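Student: Using the hints, position chain U against chain W.
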Amino acid sequence: MRAESKGMTHTAATAVEAPFAVSVRDVNMVFDGVHAVRDASFDLEKGRFLTILGPSGSGKTTLLRMIAGFGQPTSGEVFINGLAVGSVPPHKRSIGMVFQKLALFPHLTAAENVAFPLRMRRFDARTIPDRVHRYLDLVKLGKLGDRRIHELSGGQQQRVAIARALVFEPDLLLLDEPLAALDRKLREEMQLEFRRIQRELDVTTINVTHDQREALVVSDEIIVMDHGRIQQKARPEATYRQPKNAFVANFIGVTNFVDGVVANVDGERIVFGHAGFAGRSGNGFRPATGVSARGALRAEQIRIGGGREALGDVDTVFGGIVTDAIFEGERVVYEVAVADLGGTTLRVFDHDPVTHSQHDVGSSVALGWNVKDVLVFGD
Amino acid sequence: MRPSRTSYPLSWRLMDAVEAIAAAVWPRSFSAAVPWLMLMPAVVLVGLLVLGLWDMADGSFRKLDTATFLPSDDYSLANYDRAFTEKLFFTVASRSLIGSLIVTVITLVFAFPYSYVMVRTRSTFLRKFLLIALFLPFFIGQVVRAYGWLIILGSQGMVNEALGFVGVAPIRLLYNYPAVLFGLVQYMLPFAVLMLAPALTAIPEEMESAAGSLGANWVRTFIHVVLPLAKPGFIGAGLVVMTLSLTDFAIPAILGGGSQDFIANAIYDQFFRTSDQGMGATLALLLVAVGSIMVGVVFALFGAGTLAMGRSK
Numbered sequence: 001m002r003a004e005s006k007g008m009t010h011t012a013a014t015a016v017e018a019p020f021a022v023s024v025r026d027v028n029m030v031f032d033g034v035h036a037v038r039d040a041s042f043d044l045e046k047g048r049f050l051t052i053l054g055p056s057g058s059g060k061t062t063l064l065r066m067i068a069g070f071g072q073p074t075s076g077e078v079f080i081n082g083l084a085v086g087s088v089p090p091h092k093r094s095i096g097m098v099f100q101k102l103a104l105f106p107h108l109t110a111a112e113n114v115a116f117p118l119r120m121r122r123f124d125a126r127t128i129p130d131r132v133h134r135y136l137d138l139v140k141l142g143k144l145g146d147r148r149i150h151e152l153s154g155g156q157q158q159r160v161a162i163a164r165a166l167v168f169e170p171d172l173l174l175l176d177e178p179l180a181a182l183d184r185k186l187r188e189e190m191q192l193e194f195r196r197i198q199r200e201l202d203v204t205t206i207n208v209t210h211d212q213r214e215a216l217v218v219s220d221e222i223i224v225m226d227h228g229r230i231q232q233k234a235r236p237e238a239t240y241r242q243p244k245n246a247f248v249a250n251f252i253g254v255t256n257f258v259d260g261v262v263a264n265v266d267g268e269r270i271v272f273g274h275a276g277f278a279g280r281s282g283n284g285f286r287p288a289t290g291v292s293a294r295g296a297l298r299a300e301q302i303r304i305g306g307g308r309e310a311l312g313d314v315d316t317v318f319g320g321i322v323t324d325a326i327f328e329g330e331r332v333v334y335e336v337a338v339a340d341l342g343g344t345t346l347r348v349f350d351h352d353p354v355t356h357s358q359h360d361v362g363s364s365v366a367l368g369w370n371v372k373d374v375l376v377f378g379d
Numbered sequence: 001m002r003p004s005r006t007s008y009p010l011s012w013r014l015m016d017a018v019e020a021i022a023a024a025v026w027p028r029s030f031s032a033a034v035p036w037l038m039l040m041p042a043v044v045l046v047g048l049l050v051l052g053l054w055d056m057a058d059g060s061f062r063k064l065d066t067a068t069f070l071p072s073d074d075y076s077l078a079n080y081d082r083a084f085t086e087k088l089f090f091t092v093a094s095r096s097l098i099g100s101l102i103v104t105v106i107t108l109v110f111a112f113p114y115s116y117v118m119v120r121t122r123s124t125f126l127r128k129f130l131l132i133a134l135f136l137p138f139f140i141g142q143v144v145r146a147y148g149w150l151i152i153l154g155s156q157g158m159v160n161e162a163l164g165f166v167g168v169a170p171i172r173l174l175y176n177y178p179a180v181l182f183g184l185v186q187y188m189l190p191f192a193v194l195m196l197a198p199a200l201t202a203i204p205e206e207m208e209s210a211a212g213s214l215g216a217n218w219v220r221t222f223i224h225v226v227l228p229l230a231k232p233g234f235i236g237a238g239l240v241v242m243t244l245s246l247t248d249f250a251i252p253a254i255l256g257g258g259s260q261d262f263i264a265n266a267i268y269d270q271f272f273r274t275s276d277q278g279m280g281a282t283l284a285l286l287l288v289a290v291g292s293i294m295v296g297v298v299f300a301l302f303g304a305g306t307l308a309m310g311r312s313k
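As they're listed, the protein sequences go chains W and U.
Going by the numbering used here, the residue at position 237 of the first sequence is 237; the numbering climbs one at a time, nothing skipped.
Going by the numbering used here, the residue at position 37 of the second sequence is 37; the numbering climbs one at a time, nothing skipped.
With the rest of the complex left out, here is chain W (with noise of 0.2 Å):
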């Protein structure tokens, strides 16, 4: 398929099957020696948000400006509504975009930064008055047209930015971290009218972000990168509760990790490690005796109390002493130092407002989780 698909560039032959908005094949990207994007490939469907997850140096900026245009692939390829793009330069493809730092024009009002796309791409300058108002409508800038980039707030700014990636209706948005250099009150804010927009307008959307919150509250889906690959993709919660390695639960969520040995397989069940420490095989991993795991325990999936009776319903209990009880307001974080899991220090969240706060630096408390709530990876 990829072969034929080359130097044939402008006719249907080479729209893949499916008229995914976007599609991207085996893309590799190597520039000074770095190699950014490894063997990235994945389908997007028309009108869906997808957020790709990674930390900095993940690749997940490079794999975006590659399917804006800016930096061919090394290899691969990006299809856009089942043609391939590689050499069609950015101003010729139908792609909004806003950009870390935004990049509004500061010579420009709001209003003729929003224009501005209209009058490069040759709108019917009688419409474009109108159309401009719609946008600035639309992002709940309605008055502010006149104002110079510098009279507006950070939000206002924002927002500017997304009616002017949007005025001109593209096949595509994409997001390169616009809202990683706001305070959490805006960004939180700010996530949500993503969503409204991209809900109210039905565009489909590619964002970047380190943020694992705002991909969690965004997005129809969730690409997660590490190293230059694509780790999973997934819908949010599959992301949350499926992770497909360590690397994933440990990015996405607060998550405990306990090492050891597989002393034991039955089924789904593993023992590995301390003292009969059990967990649920995650992605598939079955591994043999005597090979090392890890077991990933998300934080709030620990209860934690005096003694076991006060712990409930759960099939795995263990003791630990406190260590550190970090009050953080809905919730008080503990940290648990469990000498029959080698010493291991464990995180708890605590939420539950009659036990909140009662366990003191140094006291002994009991741990209990549920054995389908440790999912184990192989190293």
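Among the hints, a few may not be true.
Where chain W lies over chain U, by a calculated footprint (3+ residues, C-beta under 8 Å) [what the hints assert, rightly or not]:
hint, segment
1, 199-209
2, 212-226
Stretch-level coverage of chain W by chain U, calculated; a stretch enters the list once three of its residues show a Cβ under 8 Å from a Cβ in chain U [as the list claims (entries may be wrong)]:
hint, segment
3, 126-132
4, 305-317
These aren't lab readings, by the way, just hints derived from the structure by calculation.
Please read these numbers as outputs of a predicted model, since none were measured by experiment.
Here a beta-carbon is modelled for each residue, glycine too, at the ideal position from N, C-alpha and C.
Tutor: Chain U only, in chain W's frame:
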């Protein structure tokens, strides 16, 4: 207990001693005066210049007594009358003004791509090469450089020799207006590049990417984004090139060979050839006036803020 003072390097302890002496000599309550004190050398230098100008202004109103070859004792507007009516001065003035305008435009056109590549290139080698190529002529000096052009462009120079090989008769490349303008452009280019570079550096590359994703090809990106944002740099560079070439002496003298005098050459002639100090002073003051008016007009049109000075909002 803090570690012993002797654990700090000697240079730090010396600085501590200097600071202690300074504190004793110059108590804290004087500290408000420090910025003014630091401004003093510059103020004194400019002040001396103004004193000199005052003396020249006085001289410009004294006519040269052709009998005694001394300036007259009484004041008159005779020198100004000559400056505005004599054809020679008009020719020289218009030649300098038009020349400096042409030089400014050409220099900016050449300087922009140079500084753009210098600022935007990813190759550190190319950036260093361009920077060195820019600074090298500075080390040589204006007169030597102009002399170099004589060697290259003279009637038996390298260019004409090369033309001779292909059977073209020697062409007169020197001692005309284009030769002077050519020399000035070559001389001004580094100034313009150096003044444009910071302005271009200040434009985030993301702006150009954004313009691209919004549908602008590189020509439109240049016209609608880079040019307006680089305006302070263009105005600063333009002003410097314009005033420097308007007042230049060596290039018109050497590459013009006396036939292409600019105002500075005319002033020189008045002071040192005809010894008419009054006339020289008059021309000099008029040159200062023209230059000031030009700068004033540019500031009035674009505002001093276009030089990217003043606090940003």
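Student: Run every hint past the structure and note whether it holds.
Tutor: Here is how each hint holds up against the structure:
A stretch counts as covered by a chain when three or more of its residues have a beta carbon under 8 Å from one of that chain; for the segment 199-209 of chain U and chain W the count is 4, and the coverage holds. Restraint check on the segment 212-226 of chain U versus chain W: 9 residues with Cβ-Cβ distances below 8 Å, three needed, restraint holds. Figure legend: the segment 126-132 of chain W, annotated as covered by chain U; annotation inconsistent (0 residues with Cβ-Cβ distances under 8 Å, at least 3 required). With 0 residues carrying a beta carbon less than 8 Å from a beta carbon of chain U, the segment 305-317 of chain W misses the three-residue requirement, and the given coverage is violated.
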